[in-house]
Every structure is written in structure tokens, then in C-alpha cells.
Amino acid sequence: MTDCVVELRDVSKIYKMGEINVKALDNVSLKINKGEFVSIMGPSGSGKSTMMHIIGALDLPSKGETLINGNKLSNLSEDDLATLRGKNIGFVFQEFNLITTLTAFENVRLPILFQEDELKEEYNKRCEDLLKEVGLGDRINHRPTELSGGQQQRVAIARSLANNPEILLADEPTGALDSKSSKEIMNVLKNLNKKGKTVIIITHDKNVAKESKRQIFLKDGKVLTDKKM
Amino acid sequence: MINIFNFVLKNLKRRKLRSWLTIIGIIIGVFAIVSLMSLSQGLKTSINEQFGKMGANKITIESKYTTFGAETEIGLGQEDIRNLEKISDLEFVSGEVNANIKTEFNGEINFITSKGYNTENFERILEQDNFKLLKGNFFENNKSKQVIIGYDFYNEKDLFDKKININDKLEINNEKYTVIGILEDTGSSTTNTLMYFPIETLIDITESSENSVDSIIAIVKQGKDIEIVSKKIEQKLEIKRGEKDFTVSTPIDKAKDREEILNTVSIVVIGIAAISLLVGGIGIMNSMYTSVLERRKEIGVLKAIGAKRKDILKIFLLEAGLIGIVGGAIGTFLGFLVSILVKIISSYFEIDLFVSINIEIIILAIGFSFIIGLISGYLPANQASRQEAVDSLREE
Chain A
166 MTDCVVELRD VSKIYKMGEI NVKALDNVSL KINKGEFVSI MGPSGSGKST MMHIIGALDL
226 PSKGETLING NKLSNLSEDD LATLRGKNIG FVFQEFNLIT TLTAFENVRL PILFQEDELK
286 EEYNKRCEDL LKEVGLGDRI NHRPTELSGG QQQRVAIARS LANNPEILLA DEPTGALDSK
346 SSKEIMNVLK NLNKKGKTVI IITHDKNVAK ESKRQIFLKD GKVLTDKKM
Chain B
7 MINIFNFVLK NLKRRKLRSW LTIIGIIIGV FAIVSLMSLS QGLKTSINEQ FGKMGANKIT
67 IESKYTTFGA ETEIGLGQED IRNLEKISDL EFVSGEVNAN IKTEFNGEIN FITSKGYNTE
127 NFERILEQDN FKLLKGNFFE NNKSKQVIIG YDFYNEKDLF DKKININDKL EINNEKYTVI
187 GILEDTGSST TNTLMYFPIE TLIDITESSE NSVDSIIAIV KQGKDIEIVS KKIEQKLEIK
247 RGEKDFTVST PIDKAKDREE ILNTVSIVVI GIAAISLLVG GIGIMNSMYT SVLERRKEIG
307 VLKAIGAKRK DILKIFLLEA GLIGIVGGAI GTFLGFLVSI LVKIISSYFE IDLFVSINIE
367 IIILAIGFSF IIGLISGYLP ANQASRQEAV DSLREE
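Chains as they are written, first to last, in this note's numbering: chain A, 166 to 394; chain B, 7 to 402.
One thing to keep in mind: the hints can contain errors.
[As the list claims (entries may be wrong)] Part of the chain A face toward chain B, derived, beta carbon under 8 Å:
hint, residue
1, T248
2, I264
3, L278
4, E281
5, P309
6, S313
7, Q316
8, R324
FYI, nobody ran anything at the bench for these hints, they're computed from the structure.
Note that CB positions come from ideal geometry on N, CA and C, so glycine has one too.
Full structure from sequences and hints, please.
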């Protein structure tokens with residue numbers, strides 16, 4: 166129990182599209198343990214994104230229960246969910262989603278602003294260290310527009326680590342990158358996993374999935390296969 | 007270093023043009039209000055100051071009927087003055103006659119505004135208006151053919167080409183009147199171009215009856231309540247004259263009247279200016295709604311990385327408030343600048359305007375525009391804070 170950081174219990178997610186109900190997730194149960202490197206795969210429409218939103222506490226299931234670190238999410242208010250996301254889950258998006266007006270450093274610093282005692286000096290040091298860790302020690306004061314795609318994604322990874330979460334949730338992290346940058350990003354993620362972070366990647370790219378230690382394949386909102394490599 | 011304020015500032019800079027256009031909307035409104043407020047407050051100050059100069063213990067009694075200097079029984083006259091002199095609360099009483107006198111000096115003719123008072127207390131009457139004799143003497147008696155002139159006759163050549171001095175003779179109705187005194191500079195061209203006569207002399211010049219002074223001024227003794235004394239005057243005169251065909255007014259009454267008129271004018275004018283501030287507020291709202299729409303994705307990301315509803319609300323409210331503050335500050339500055347400009351321009355036309363620049367107006371204007379920003383920004387900010395993170399992220 167202590168090892169399980171994410172648990173889905175009989176989770177279904179139903180969207181209303183006009184008259185018809187679409188089941189994006191259909192009675193899915195799974196457990197992800199601390200330190201795992203998981204890729205969630207599947208064709209478009211298989212429920213990958215919905216699963217990411219539910220694991221990331223951005224959305225609650227229509228049926229079933231999500232547990233993060235053993236805490237049931239259905240009991241939490243919207244603000245509690247936001248706090249939980251900020252502390253426990255680092256998001257990495259396909260399109261990086263950095264704030265273009267802020268420098269690399271400020272982007273990494275941003276998540277801490279929404280936590281308590283957000284102005285502590287020691288956080289600045291941590292943010293700098295994180296940027297060094299992803300290999301951008303010399304780009305701290307650059308704006309996103311002055312950085313390559315791969316560099317931007319590394320800033321985004323550093324940002325996701327700002328509050329030192331145990332889970333890293335990456336949605337097609339290499340989807341907008343060339344193969345060289347993709348490799349770099351995957352190396353960064355692998356290294357983080359080695360250091361003990363739980364990494365969950367949503368992807369449709371088999372080469373990316375290959376790097377992970379566990380592959381979950383979704384189809385029509387159901388888990389088709391769940392293999393440890 | 008980054009904090010929420012810094013972040014907000016950068017957001018505004020990102021849409022520089024739109025931010026400034028929105029700010030201009032506020033600037034115009036605040037500018038209008040501040041310039042009008044400082045001018046109208048200045049006007050109030052200068053009027054009050056003039057009243058201060060006029061003396062706070064002067065009661066003015068006027069006939070309800072205009073007499074036009076004609077032979078008439080209904081005007082106020084020397085008998086009324088003698089009756090009022092019996093009131094012990096009064097220091098002294100004097101008649102006042104006003105006339106425009108055709109005056110000749112050195113072959114040149116001008117019409118001069120003139121005032122006649124009882125000569126016994128002439129010096130005290132001048133003191134009431136803060137006027138003093140620069141040189142010369144006061145009148146010998148109520149009938150002497152003497153005149154005291156304002157400073158401009160002595161110092162400037164505007165009225166008569168030749169400057170007038172003590173012992174010069176002015177010719178009025180083919181009779182000579184000796185300049186016996188010259189008043190100090192009062193600072194106002196209106197009072198600097200007055201002539202003063204003994205009351206009966208002026209009545210003679212205007213060929214009106216003894217019983218037709220234009221008004222009676224009564225100076226209340228120190229320490230006496232002017233309102234109570236003015237009631238006494240009213241009762242006494244009514245008994246003596248048999249009817250209340252006159253008005254008794256104190257400086258307080260007059261100040262009240264003028265202030266009421268001024269207040270009404272200010273309220274109307276500032277009300278109109280406030281409409282432009284309202285339009286400015288709608289501008290902020292419009293700009294913020296657009297911003298919320300544009301930044302749906304950003305809001306989603308912020309929520310994903312841990313921003314709570316109140317964090318998003320704070321960010322957007324601060325942006326709107328900041329637009330208000332910047333607009334308010336610039337508008338206040340411009341408002342004062344323009345009122346000072348108006349003062350300078352009007353001083354060229356010899357109009358003495360006070361411009362009141364006080365900290366209250368500054369705090370009020372900037373604080374008010376901040377609040378307008380917050381109010382206008384509330385609905386958009388609220389919409390932003392209620393946005394579901396998952397909805398905005400799905401729009402990729």
C-alpha cells in the first residue's frame with residue numbers, strides 16, 4: 166500500500182456528446198507503484214488523454230475512485246485538488262506550455278508561487294539547480310522564444326519538478342520534437358526515474374514506449390495489455 | 007525574482023498596445039474628474055478667501071426694492087441708520103451708496119465705480135475689506151468734496167493717461183473734488199479701480215434723495231453672535247418701518263448661497279466626467295474578457311501546476327486593478343497639469359484662479375480608479391478562475 170502512488174479503482178469516465186454518451190474509460194483498474202516508469206499507449210480515441218487527466222487529478226471519474234498516495238480524490242474540493250496537483254504531480258505537455266513572457270528560471274519558479282511560503286529564498290536555488298540538472302544552467306534567463314523545442318521541453322520538465330513531486334506525468338513529451346531532441350528528453354526522464362521519480366508517459370510512439378519499464382495498452386477505454394518489460 | 011505581482015506586470019506588458027488603449031480610457035475619465043475637481047475646489051477656496059477678506063462680522067441690510075437713486079419713500083435711509091445705531095451689540099453702522107460716476111481728469115473722461123460711506127467710521131469700514139490707506143488722509147466730514155482713490159489710479163495708466171496723486175483735482179458735474187487719500191494695492195484690479203466718497207457727497211453727486219442709500223452695513227461687536235444680532239436688526243427695523251421690506255444677510259448666509267451653487271455645478275460637471283470613467287471601466291472589462299479568452303490554455307496550465315481558484319482570480323483582478331491604478335495616476339497627473347495650465351492662462355486675463363492640488367484628490371482619484379479596475383475585472387477574473395483546467399487543456 167505504501168508503495169502505490171496512483172490507483173484507479175473501477176474507473177469509468179462518460180462524456181455526453183449531445184444525445185449520446187461516450188465512454189472514454191470503461192471500468193479501468195490499475196495500480197502504479199513508486200519508482201515505476203510507465204507508458205500508456207493506444208490509438209487516438211482509446212482514452213489515453215482521459216486517463217492522463219484522471220491520473221493527474223485534473224478530472225474526476227464518473228464512476229469509480231482515483232487514489233493518489235492512498236488519498237481518495239472524490240473527497241477533495243477543487244482547491245484541494247489544485248494543491249495536491251501542485252505538490253504531488255509534475256505535468257509535462259506536448260506543446261511545452263511555458264509562459265512566454267517569463268524567463269526559463271521564472272517558468273520553473275512559477276508552480277512554487279501557488280504553494281505556501283512561496284517566496285522563500287531557498288526555492289530560487291532549487292529552481293536554478295533543476296535547470297542545471299536538465300542541462301540548461303547557461304540558459305536560466307532566456308525566454309522560451311529564445312530556446313529550441315528540446316530546450317523548452319527541458320524547461321517544462323524542470324518546472325514540473327519545482328515542487329519536488331513524486332509523480333511525473335508527461336503527455337506526448339516528444340510529440341513536438343525532432344528525433345535528436347526526443348532522445349535527449351527521454352534520457353532526462355530516464356535519469357529522473359533512476360533517481361526515484363515515478364514517471365508516467367502518455368504516448369502513441371512505440372520508440373518512446375520502448376524506453377519504459379511497463380507498457381499499458383488502451384483500446385476503447387479498456388486496458389488491453391499491461392506488460393512489465 | 008518573480009512573484010505574482012511581477013507575473014501580472016509581465017502579462018500586461020505582453021499585450022502592450024491593448025493595455026495602453028485600455029489605460030487611456032481610464033486616463034481620460036480620471037483626467038476630467040481631477041482637473042474639474044481641482045478647479046472647482048480652487049474656485050471654492052478663492053471665493054471663501056474673498057469672504058474671509060470681507061470680514062466675518064459685517065451684516066448687510068438691503069431694501070427689497072431697487073430704488074435706482076430716485077426720490078422714494080421705500081428705500082433705506084439715514085433714519086434707519088440712526089435707529090440701528092441704538093443697538094448696543096453693534097460697533098457702528100454706515101450707509102453704503104454705489105454709483106458709476108462720470109469723472110474728468112486732465113481733460114480725459116472715464117466712468118468710475120464709486121462707493122460712499124459714512125465718514126465717521128471710514129477707516130474701520132476699509133479694514134473690513136482689509137484695505138488700508140497707502141498715503142494721504144481720511145475725509146473731514148460727510149459732505150466734504152474729497153475723494154479717496156484706488157491704487158491703480160496712482161500706479162497705472164490704464165484708466166487715465168496721467169497718473170493721479172494726492173491733491174490732484176477730479177472734476178465731476180463741473181465741480182472739483184480733491185484727492186485726499188490713496189489706498190494700498192489690494193491685488194485685485196476690481197477693487198484697485200474704485201473711488202470712495204463721503205456718503206452725502208456721493209448722494210449729492212448722484213442727485214438722489216437722502217433716504218436712498220443702497221444698503222446699510224452694520225459691524226457687530228467682537229464676541230457677539232452675528233446670527234442673533236442680525237435677528238435683532240430684523241426685528242427693530244420691521245417695527246420702525248412697519249413692514250419687512252428689506253433683507254438682512256450675514257457673510258455666512260452669502261457663503262452658504264454661493265457654496266450651494268458651486269456644489270451643484272461641481273456635482274453636475276463631475277457627474278458628466280464620471281460617465282467617461284464608467285466607459286473606461288467597461289473598457290477594462292472588455293479587455294479582460296478578451297484576455298481571459300486568449301489565455302484559456304494558460305489558465306489550464308496554471309491550474310495543472312497547482313494554481314487554486316483564488317490564485318487565478320488574484321492574477322486577473324490584479325491585472326485589471328493595475329490598469330486602473332496606472333490610468334488613475336497618469337490621469338491625475340494630467341488633470342493637475344491642465345488645471346495649472348488653466349491657471350496660468352487665466353492669469354494672463356487677470357483672472358486669479360486657485361488650483362487646489364491636495365493629497366486627498368490624488369489618493370481619491372488613484373484609489374477610485376483601482377477600485378473601478380477591480381470591479382470591472384471581477385467578472386472576467388471570476389470566469390477565468392472557474393474555468394475547468396481539463397477543458398482548456400483539451401483544446402490543444
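Exercise for the section: State the violated hints by number, sorted upward, taking the hints as numbered earlier in the document. Expected result: 4, 5, 6, 7
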